[in-house]
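Chemist: Sequence:
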Amino acid sequence: MILDDTGFVKKGTTSAGVQRQYSGTAGRTENCQIGVFAAYATSRGHALVDRELYLPKSWTADRERCQAARVPDERTFATKGDLARDIIRRALASPLPIAWVTADSAYGQDSHFRRFLEGHGLSYVVAVPKSQPVHGPRIDHVLAQAPPEAWQRLSAGPGAKGERFHDWAAARLPAVWEFDGDEPTRQRWMLARRSISKPDEIAYYLAYAPLEATVADLVRLAGCRWKIEECFQSAKNECGLDQYEVRRYVGWYRHITLAMLAHTFLAVMAVQEREKGVPRPTRPTSWTSRQPKSVVCWQLNPAALLHAATTR
389 MILDDTGFVK
399 KGTTSAGVQR
409 QYSGTAGRTE
419 NCQIGVFAAY
429 ATSRGHALVD
439 RELYLPKSWT
449 ADRERCQAAR
459 VPDERTFATK
469 GDLARDIIRR
479 ALASPLPIAW
489 VTADSAYGQD
499 SHFRRFLEGH
509 GLSYVVAVPK
519 SQPVHGPRID
529 HVLAQAPPEA
539 WQRLSAGPGA
549 KGERFHDWAA
559 ARLPAVWEFD
569 GDEPTRQRWM
579 LARRSISKPD
589 EIAYYLAYAP
599 LEATVADLVR
609 LAGCRWKIEE
619 CFQSAKNECG
629 LDQYEVRRYV
639 GWYRHITLAM
649 LAHTFLAVMA
659 VQEREKGVPR
669 PTRPTSWTSR
679 QPKSVVCWQL
689 NPAALLHAAT
699 TR
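Heads up: the sequence shown runs through residues 389 to 700, numbered per my numbering.
No lab work stands behind these hints: they were computed from the structure.
Note that CB positions come from ideal geometry on N, CA and C, so glycine has one too.
Treat the hints with care, since some could be wrong.
To be verified - No more than 16 Å apart at the CA atoms, straight line, and that leaves these computed lysine to aspartate or glutamate pairs for EDC-like:
| # | residue 1 | residue 2 |
| --- | --- | --- |
| 1 | Lys468 | Asp492 |
| 2 | Lys445 | Asp470 |
| 3 | Lys445 | Asp461 |
| 4 | Lys518 | Glu537 |
| 5 | Lys518 | Glu589 |
| 6 | Lys518 | Glu462 |
| 7 | Lys586 | Asp555 |
| 8 | Lys586 | Glu617 |
| 9 | Lys445 | Glu462 |
| 10 | Lys518 | Asp528 |
| 11 | Lys468 | Asp498 |
Said to hold, decoys possible - Each pair of labels, with its calculated beta carbon distance range:
| # | residue 1 | residue 2 | range |
| --- | --- | --- | --- |
| 12 | Gln660 | His523 | 43 to 49 Å |
| 13 | Ile486 | Pro536 | 36 to 42 Å |
| 14 | Lys586 | Ala456 | 46 to 52 Å |
| 15 | Ile486 | Lys445 | 46 to 52 Å |
| 16 | Arg477 | Phe553 | 33 to 39 Å |
Sequences and hints are given; from them, build the entire structure.
Modeler: Encoded structure:
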């Protein structure tokens, strides 16, 4: 399971959850709505599976404003981490088999979030900022001491231009008796990903994995986080995820849920067509493209796919 949030830029100021905040979609501070999302990824495909609207304190503290937007009275302020934990609880109660969780540094730097995952028996690979403490020192200071032979060139998975190779360094961390007991079943790690062409560009991760997990396994899981970016791109371009004019809380959930359902339908149909041996187009669709910032996104016609599926 992959967790991330995305912004929906809105010019109006009365829509439910609109807040003045930096939006990666626009690349600047805008009036926007922020949603916390989860994507489910397997070797066969990936799709968005859950969502929550983030309401800032400026909204939840203004009950008249909430009533005008039809926000339920019981909805109080919750951090993005709180919303992510609610999403994971629902996923664990569902039939979905979940073994790993990955997320960006907004969630990874939260120790309560990591302990929550550990308490539910979930392995994880989460990004953290370079200032993240690791048993005292900052993670960037610790990994700066890695010997040259600790770095190895590994692929985080295929991309639009082939395998995504970086230099990686990893180290096992000591067990924490309070959480792990006398016989730990999982091992904690720290990782660093260094750009080959720009060695000064380094990203950092913390991981919690089965004892038999290898560095290559952790690198592959770290690379899986980009799948949710692909989901956002395809859901926005092909299913209208961000194309709405809703003014109320329920309207936001209805639109987002229907767009996610359409996105999942297209993803499943694409996998089924691929497994039937249907030749892929000469250029990849957004479901197989692994370039999250691609300018061109090839369309899939859901009506045509549905007709093809029901006439076979």
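Chemist: Compare the structure with each hint and give your call.
Modeler: For each hint, the structure was consulted:
no.	hint	in the structure
1	Lys468 <-> Asp492	holds (12 Å)
2	Lys445 <-> Asp470	holds (14 Å)
3	Lys445 <-> Asp461	holds (14 Å)
4	Lys518 <-> Glu537	violated (22 Å)
5	Lys518 <-> Glu589	holds (11 Å)
6	Lys518 <-> Glu462	violated (37 Å)
7	Lys586 <-> Asp555	holds (11 Å)
8	Lys586 <-> Glu617	violated (23 Å)
9	Lys445 <-> Glu462	holds (14 Å)
10	Lys518 <-> Asp528	holds (5 Å)
11	Lys468 <-> Asp498	holds (10 Å)
12	Gln660 <-> His523: 43 to 49 Å	holds (47 Å)
13	Ile486 <-> Pro536: 36 to 42 Å	holds (37 Å)
14	Lys586 <-> Ala456: 46 to 52 Å	holds (49 Å)
15	Ile486 <-> Lys445: 46 to 52 Å	violated (31 Å)
16	Arg477 <-> Phe553: 33 to 39 Å	holds (37 Å)
In the structure shown, a violation is registered for the earlier hints numbered 4, 6, 8, 15, in ascending order.
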